[in-house]
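J.: Quick note on numbering: our numbering labels position 216 of the sequence shown as 347, and the sequence is numbered without any gaps.
Don't take every hint at face value.
Unchecked claim - Derived lysine-lysine pairs resembling DSSO-like cross-links, with alpha carbons at most 27 Å apart: (1) K521 x K407; (2) K313 x K341; (3) K336 x K521.
Stated by the list, open to error - Quick list of the computed label-pair ranges, beta carbon to beta carbon: (4) N543 x I585: 17 to 23 Å; (5) T160 x E186: 35 to 41 Å; (6) R203 x R176: 38 to 44 Å.
If you're looking for bench data, these hints aren't it; they were derived computationally from the structure. Using N, Cα and C, we set each Cβ at its ideal position, and we do this for glycine too.
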Amino acid sequence: MARRRQHVDEENQVWPGFVDVLTAILLVTVFLLGVFLASELVLTRSLTDTQEDLERTSREALLLQKQVGSLRSIKQQLEAENEKASRDIGALRSGIAELNLVLEDTNKKREMLTIEVDNLTQDREILRAQRAKDLAAQEKLSGDLAELTQLREAEKKERDKIKRDRNALALELDELRAQRAKDLAAQEKLSGELAELTQLREAEKKERDKIKRDRNALALELDELRALRDLDKKAKQSLEQQLVSLKEDIAKVNEQLVGAQNRITLGQGEREELAKELARLSLENQKLRQGQDIFDAQIAQKDAEIQDRSNEVSLLNASIATLENRLAQISLQLREAKQRDEENQVTIANLGKDLNQALAQRVNELGQYRSDFFGRVRQAVKSVPGIEIKGDRFVFGSELLFPSASAELNENGQRELASLSEVIRATVDSLPDDVDWVLRIDGHTDIRPIRSPIFGDNRELSMARAMSVLKALARAGIPSERLIATGFGSTRPATGGNSDEDLARNRRIEIKLTTP
132 MARRRQHVDE
142 ENQVWPGFVD
152 VLTAILLVTV
162 FLLGVFLASE
172 LVLTRSLTDT
182 QEDLERTSRE
192 ALLLQKQVGS
202 LRSIKQQLEA
212 ENEKASRDIG
222 ALRSGIAELN
232 LVLEDTNKKR
242 EMLTIEVDNL
252 TQDREILRAQ
262 RAKDLAAQEK
272 LSGDLAELTQ
282 LREAEKKERD
292 KIKRDRNALA
302 LELDELRAQR
312 AKDLAAQEKL
322 SGELAELTQL
332 REAEKKERDK
342 IKRDRNALAL
352 ELDELRALRD
362 LDKKAKQSLE
372 QQLVSLKEDI
382 AKVNEQLVGA
392 QNRITLGQGE
402 REELAKELAR
412 LSLENQKLRQ
422 GQDIFDAQIA
432 QKDAEIQDRS
442 NEVSLLNASI
452 ATLENRLAQI
462 SLQLREAKQR
472 DEENQVTIAN
482 LGKDLNQALA
492 QRVNELGQYR
502 SDFFGRVRQA
512 VKSVPGIEIK
522 GDRFVFGSEL
532 LFPSASAELN
542 ENGQRELASL
552 SEVIRATVDS
562 LPDDVDWVLR
572 IDGHTDIRPI
582 RSPIFGDNRE
592 LSMARAMSVL
602 KALARAGIPS
612 ERLIATGFGS
622 TRPATGGNSD
632 EDLARNRRIE
642 IKLTTP
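With these hints in hand, go ahead and build the complete structure from the sequences.
T.: In structure tokens:
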């Protein structure tokens with residue numbers, strides 16, 4: 132009984148082990164079956180792929196056979212063309228020299244095209260990078276547009292203010308010019324009057340000299356007439372004496388005639404002599420009477436001429452007195468005009484001197500502030516490569532601030548402008564309020580044409596870069612109404628060369644402290 136129980140216990144202990152073995156065998160079988168199925172599936176797919184490859188290879192073989200056939204036909208054509216080319220070699224050799232020249236030109240063009248291709252490749256890379264920034268730039272441009280609108284309004288107000296100031300200065304200048312023109316006109320008028328008076332004085336002097344000469348001539352003639360009258364008086368007295376003697380002679384003749392008549396008894400010869408003597412004496416008496424009448428007429432004529440000359444001398448004396456009075460009045464007016472002209476000249480000279488002194492003072496003040504400004508900026512940027520001080524402006528290389536063909540400030544440019552704006556702001560804050568100043572920002576490019584969908588030409592690019600610098604300085608705290616942006620494109624190169632170094636120097640941003 133005990134053995135049977137022991138045997139049963141042994142059977143009970145064997146059965147679980149058997150079950151475990153069967154289970155393990157079953158699992159191994161299932162695993163192997165799975166592996167077999169997986170390998171079968173893989174083999175099936177491989178076989179399918181192999182069949183597809185075989186079919187594709189067959190198709191390619193057929194295609195290659197067709198291509199071989201076409202190549203054979205092409206070979207035949209090429210052989211025919213080769214024969215034809217052999218015939219054309221002689222003709223082609225004659226054009227080898229020309230082709231060599233063309234080849235040289237082609238090589239040069241190829242080099243230029245290679246450079247152009249490199250540039251285009253760079254531009255393509257730039258455009259690819261730019262495209263990635265365009266979407267962000269568009270959003271930023273929207274904000275910048277609003278900011279630009281505000282800046283334009285502020286700039287418009289500032290321009291209106293500047294325009295009003297300029298108009299006021301222009302009006303004041305026009306008034307000064309009008310006053311100066313009036314003074315010049317008055318001076319010219321006075322000069323004309325002076326010349327006219329000078330001519331009149333010369334004419335009067337000539338007339339006075341003429342009158343003086345005439346007076347002297349009249350005096351001489353009057354003296355001559357007086358001498359003649361004295362002579363006439365003497366001649367008249369002589370004639371009167373002769374007349375008295377003639378009368379006495381006549382009386383004597385009459386007495387002789389009476390005596391002759393008494394001596395009527397005388398001879399015929401004496402009578403004829405007495406008659407002749409009587410006729411002669413009568414003729415002489417008649418001639419003396421005629422001479423006395425002529426002499427009286429000449430004396431009357433001379434007296435009339437002397438009276439006329441005296442009247443002319445009186446008229447000339449009156450004319451001379453009138454001319455002397457007129458000359459005195461003109462001299463007085465001339466002295467007054469000269470005095471007014473001297474006063475006006477002194478006033479104009481004083482105004483011009485004051486204006487020049489004020490302008491010179493303002494220019495000197497602005498020059499001092501400009502020197503201080505550039506001294507501080509030079510100290511701040513002396514260690515920064517790409518920034519130069521040239522005369523009254525400092526120059527940024529475009530590569531320092533912007534990527535190629537772009538108006539977007541790079542990180543380095545933003546950093547440099549931020550540090551520079553602190554120096555500028557500290558400097559301009561020390562300027563007096565009555566000093567009118569602006570920072571002018573000029574954009575420049577090289578002569579190479581731009582290829583960009585954003586900018587039409589180099590001038591637009593230079594203007595956009597100048598505006599980017601303006602907005603950066605405005606954001607840094609510099610008053611926007613004190614900022615002016617201009618773009619010159621390639622119209623004002625810094626150097627005239629075409630090397631890469633010269634082109635790089637022409638691509639720049641210039642900032643200048645000046646007056647509006």
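J.: Now look at each hint and say whether the structure bears it out.
T.: Results for each hint:
The straight-line distance between the Cα atoms of K521 and K407 is roughly 135 Å, outside the 27 Å bound, and the hint therefore fails. Of the supplied pair hints, the one linking K313 and K341 is violated, its CA atoms being roughly 40 Å apart against a limit of 27 Å. The suggested pairing of K336 with K521 is violated, with an alpha-carbon distance near 69 Å, which exceeds 27 Å. In this structure the hint that N543 and I585 lie 17 to 23 Å apart at CB holds, the actual value being about 22 Å.
Distance hint check: the CB atoms of T160 and E186 are about 38 Å apart, consistent with the given range 35 to 41 Å. Evaluation of the 38 to 44 Å hint for R203 and R176 yields a pass: the beta carbon distance comes to about 40 Å.
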